[in-house]
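Chemist: Letter by letter, the chains look like this.
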Amino acid sequence: MSSRTAPVYGLILAGGASSRMRRDKAVLIYQGRNQLDRAFELVKRHVADVFVSVRGGQMTEPTRAQKPLIVDSVEGGGPIVGIRSALAAYPDVAWLVVACDLPFLSDTALEQLLGERDPRALATAYTSAHDGLPEPLCAIWEPAAAAALAAYQSNGGQCPRKFLSAHSVLLLEPRDRHALDNVNTPEEYQQAMDALDSSAPANSMQLTIQYFALMREQAGRSEETLETSAATPAELFSELNARYGFTLPREQLKVAVNSEFADWSRRLSAGDAVVFIPPVAGG
Amino acid sequence: MRFRFTDAAIDTETARRELLDRGAGGYVSFEGWVRDHNEGQEVTRLEYEAFQSLALKEGDRILAEALQRFPIKHALCIHRVGSLDLTDMAVWVGVSAAHRGEAFDACRFIIDEVKHRVPIWKKEHYRSGDSGWVNCEHCAAAPRHAHGHDHAHEPLEHSVLPE
Numbered sequence: 001m002s003s004r005t006a007p008v009y010g011l012i013l014a015g016g017a018s019s020r021m022r023r024d025k026a027v028l029i030y031q032g033r034n035q036l037d038r039a040f041e042l043v044k045r046h047v048a049d050v051f052v053s054v055r056g057g058q059m060t061e062p063t064r065a066q067k068p069l070i071v072d073s074v075e076g077g078g079p080i081v082g083i084r085s086a087l088a089a090y091p092d093v094a095w096l097v098v099a100c101d102l103p104f105l106s107d108t109a110l111e112q113l114l115g116e117r118d119p120r121a122l123a124t125a126y127t128s129a130h131d132g133l134p135e136p137l138c139a140i141w142e143p144a145a146a147a148a149l150a151a152y153q154s155n156g157g158q159c160p161r162k163f164l165s166a167h168s169v170l171l172l173e174p175r176d177r178h179a180l181d182n183v184n185t186p187e188e189y190q191q192a193m194d195a196l197d198s199s200a201p202a203n204s205m206q207l208t209i210q211y212f213a214l215m216r217e218q219a220g221r222s223e224e225t226l227e228t229s230a231a232t233p234a235e236l237f238s239e240l241n242a243r244y245g246f247t248l249p250r251e252q253l254k255v256a257v258n259s260e261f262a263d264w265s266r267r268l269s270a271g272d273a274v275v276f277i278p279p280v281a282g283g
Numbered sequence: 001m002r003f004r005f006t007d008a009a010i011d012t013e014t015a016r017r018e019l020l021d022r023g024a025g026g027y028v029s030f031e032g033w034v035r036d037h038n039e040g041q042e043v044t045r046l047e048y049e050a051f052q053s054l055a056l057k058e059g060d061r062i063l064a065e066a067l068q069r070f071p072i073k074h075a076l077c078i079h080r081v082g083s084l085d086l087t088d089m090a091v092w093v094g095v096s097a098a099h100r101g102e103a104f105d106a107c108r109f110i111i112d113e114v115k116h117r118v119p120i121w122k123k124e125h126y127r128s129g130d131s132g133w134v135n136c137e138h139c140a141a142a143p144r145h146a147h148g149h150d151h152a153h154e155p156l157e158h159s160v161l162p163e
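For the protein sequence lines, the chains are V and P, in the order given.
So the first sequence is numbered by this note's numbering: it starts at 1 and just counts up by one.
So the second sequence is numbered by this note's numbering: it starts at 1 and just counts up by one.
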């Protein structure tokens, strides 16, 4: 990228009316945390500065009030106003804009956007996995979009999707196809909570692995604590085998979970202690 | 009576006394020793290592099975861990029973099961300077013989395959 490429800040859009949900989407709870905090922390892992976009009347709402805010500076409402307000507040900055109703948004999705960004386009965005149209609310908006958005709104335009469709933007196929599944209704909220709860242990959990004998020598350690998405001992072994290159194939090993022999296909839980047992030789 | 580990020499006199019983007409023990050769290699010393939290449970299960399968009075097994020299005792099994037949059978059963089920490993150090984990180094190359060849360090030879 050229030296003139604008730095990227994060913008969480939390000014929506949530009319179909009939509740404020920013404070919906998933896996014990409200969605505004989840989105904020996710984006914060990828860019240094993150702001929350709000309407004038939302500044004192407690969940939002703790965050750095960008308050709508132009009239009209809607996501375009939120994006324009951020571009106006920091004219030399590009914005990684993320809506507050994307509970499945992932590191993979943000990495791809940032990694494949084209700073010469007005925006870098995904095409929807559902209808192939641009997704404006998980996208990078470049400084040059400010003038084009102002012109679009002054002609009566309000829809950021239509804006992207009509302008020079880079569109990407999302590698994480579910990252942009959004939640608009109470039914969708329930489904999203269920999906996140059932996948949470598999997504990532902390395990302790102890190594003995040949396995200890080949891993170069007696014990480690690992953050892993492996759901079973078999998957965990594949992951660790890729790292350490154990000479014994899995068929030669047994496995113990929490100091008891276990099946390779057993579901692992956070905090489990796992031991791969090479052929024994007591006596 | 529980399966146990020690990192010092096994005190067989004390262990034997735990098996005394007025109804016992005999006592059989087995000692596994460190010998100077294995599979054509000259062995100079051994290192034993155990996954103790599971090994203690599995060892206890084996003793309980022996008491269930054979009409014996008491059974005990002690395994040593750490670095052992030639002629050192690595494992001791003791069984007391009313009659000698059951005591022999139960003692044989216990040592066979311990060798195949309890997570204990031994590393052989050779005269050549090489070393290797028994049952682990060859089976990677010849997986079908993983448990088939038994590197016994005691006179009893057997070919029991693990379940």
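Treat the hints with caution; some may be incorrect.
In silico lysine to any residue, SDA-like type, Cα no more than 25 Å apart, as pairs [unchecked claim]:
#	chain 1	residue 1	chain 2	residue 2
1	P	Lys57	V	Arg216
2	P	Lys57	V	Gly271
3	P	Lys57	V	Tyr189
4	P	Lys57	P	Phe70
5	V	Lys254	P	Gly132
6	P	Lys123	V	Pro143
7	P	Lys123	V	Ser222
8	P	Lys57	V	Leu207
9	V	Lys162	V	Arg175
10	P	Lys123	V	Arg221
11	V	Lys44	V	Arg20
12	V	Lys44	V	Arg33
13	P	Lys123	P	Asp88
14	P	Lys57	V	Thr5
15	V	Lys254	V	Gly271
16	P	Lys57	V	Ala234
17	V	Lys44	V	Tyr189
18	V	Lys254	P	Ser29
19	V	Lys254	P	Asp88
20	P	Lys57	V	Lys162
21	P	Lys123	V	Tyr189
22	P	Lys123	V	Arg243
23	P	Lys57	V	Arg267
24	P	Lys57	P	Leu84
25	V	Lys44	V	Lys162
26	P	Lys57	V	Pro7
27	V	Lys162	V	Ser204
28	V	Lys254	P	Ala9
29	P	Lys57	V	Arg250
30	P	Lys123	V	Arg216
31	V	Lys162	V	Asp49
Don't read these hints as lab results, they were simulated from the structure.
Chemist: Each of the hints needs a verdict: does it hold here or not?
Modeler: Results of checking the hints against the structure:
1. At roughly 22 Å between alpha-carbon atoms, lysine 57 of chain P and arginine 216 of chain V fall within 25 Å of each other, so this suggested pair holds.
2. Note on lysine 57 of chain P and glycine 271 of chain V: the hinted pairing holds, with a Cα-Cα distance of about 21 Å set against a maximum of 25 Å.
3. Straight-line distance between C-alpha atoms of lysine 57 of chain P and tyrosine 189 of chain V comes to about 47 Å, which puts the hinted pair past the 25 Å bound.
4. This hinted pair checks out: lysine 57 of chain P and phenylalanine 70 of chain P have alpha carbons roughly 20 Å apart, not beyond 25 Å.
5. Taken as a hint, the lysine 254 of chain V and glycine 132 of chain P pair is honoured in the structure, with Cα atoms around 20 Å apart against an allowance of 25 Å.
6. Distance restraint check for lysine 123 of chain P and proline 143 of chain V: the Cα-Cα separation of roughly 66 Å exceeds the 25 Å cut-off, and the hinted pair is therefore not satisfied.
7. Annotation: proposed proximity of lysine 123 of chain P to serine 222 of chain V holds, straight-line Cα distance about 16 Å (limit 25 Å).
8. Taking the CA atoms of lysine 57 of chain P and leucine 207 of chain V, the gap is near 22 Å; set against the 25 Å cutoff, the hint holds.
9. At roughly 23 Å between alpha-carbon atoms, lysine 162 of chain V and arginine 175 of chain V fall within 25 Å of each other, so this suggested pair holds.
10. Simply put, lysine 123 of chain P and arginine 221 of chain V have alpha-carbon atoms about 17 Å apart, close enough for the 25 Å limit, and the pair holds.
11. The suggested pairing of lysine 44 of chain V with arginine 20 of chain V is violated, with an alpha-carbon distance near 28 Å, which exceeds 25 Å.
12. Only pairs whose Cα atoms come within 25 Å are accepted, and lysine 44 of chain V paired with arginine 33 of chain V is accepted, the gap being roughly 16 Å.
13. Distance hint between lysine 123 of chain P and aspartate 88 of chain P is fulfilled; the C-alpha atoms sit about 15 Å from each other, no more than 25 Å.
14. Between lysine 57 of chain P and threonine 5 of chain V, the direct Cα distance comes to roughly 63 Å. Violation of the 25 Å bound is thereby established for this hinted pair.
15. Taking the CA atoms of lysine 254 of chain V and glycine 271 of chain V, the gap is about 20 Å. The hint holds against a cut of 25 Å.
16. For the hint pairing lysine 57 of chain P with alanine 234 of chain V, the CA-to-CA distance comes to about 23 Å; that is within 25 Å, so the pair holds.
17. For the given pair, lysine 44 of chain V sits about 24 Å from tyrosine 189 of chain V by alpha-carbon distance, which is consistent with the 25 Å threshold.
18. At most 25 Å may separate the alpha-carbon atoms for a hinted pair to count; lysine 254 of chain V and serine 29 of chain P exceed this at roughly 30 Å.
19. A distance of roughly 29 Å separates the Cα atoms of lysine 254 of chain V and aspartate 88 of chain P; the hinted pair therefore is violated under the 25 Å criterion.
20. Taking the CA atoms of lysine 57 of chain P and lysine 162 of chain V, the gap is near 67 Å; set against the 25 Å cutoff, the hint is violated.
21. For the proposed pair lysine 123 of chain P and tyrosine 189 of chain V, the alpha carbon gap of about 57 Å is over 25 Å, so the pair is violated.
22. Restraint check: the Cα-Cα separation between lysine 123 of chain P and arginine 243 of chain V comes to about 24 Å, which is no more than 25 Å; the hinted pair holds.
23. For the proposed pair lysine 57 of chain P and arginine 267 of chain V, the alpha carbon gap of about 22 Å is at most 25 Å, so the pair holds.
24. Only pairs whose Cα atoms come within 25 Å are accepted, and lysine 57 of chain P paired with leucine 84 of chain P is accepted, the gap being roughly 24 Å.
25. Using a Cα cut-off of 25 Å, the hinted pair lysine 44 of chain V and lysine 162 of chain V is violated, with the two alpha carbons roughly 28 Å apart.
26. For the given pair, lysine 57 of chain P sits about 59 Å from proline 7 of chain V by alpha-carbon distance, which is inconsistent with the 25 Å threshold.
27. Under the criterion of a C-alpha separation no larger than 25 Å, the hint pairing lysine 162 of chain V with serine 204 of chain V is inconsistent with the structure, at around 37 Å.
28. Under the criterion of a C-alpha separation no larger than 25 Å, the hint pairing lysine 254 of chain V with alanine 9 of chain P is inconsistent with the structure, at around 30 Å.
29. Restraint check: the Cα-Cα separation between lysine 57 of chain P and arginine 250 of chain V comes to about 23 Å, which is no more than 25 Å; the hinted pair holds.
30. About 12 Å separates the Cα atoms of lysine 123 of chain P and arginine 216 of chain V, which keeps this hinted pair within 25 Å; it holds.
31. Restraint check: the Cα-Cα separation between lysine 162 of chain V and aspartate 49 of chain V comes to about 28 Å, which exceeds 25 Å; the hinted pair is violated.
In summary, the structure is inconsistent with hints 3, 6, 11, 14, 18, 19, 20, 21, 25, 26, 27, 28 and 31 from the numbered list given earlier, while agreeing with the others.
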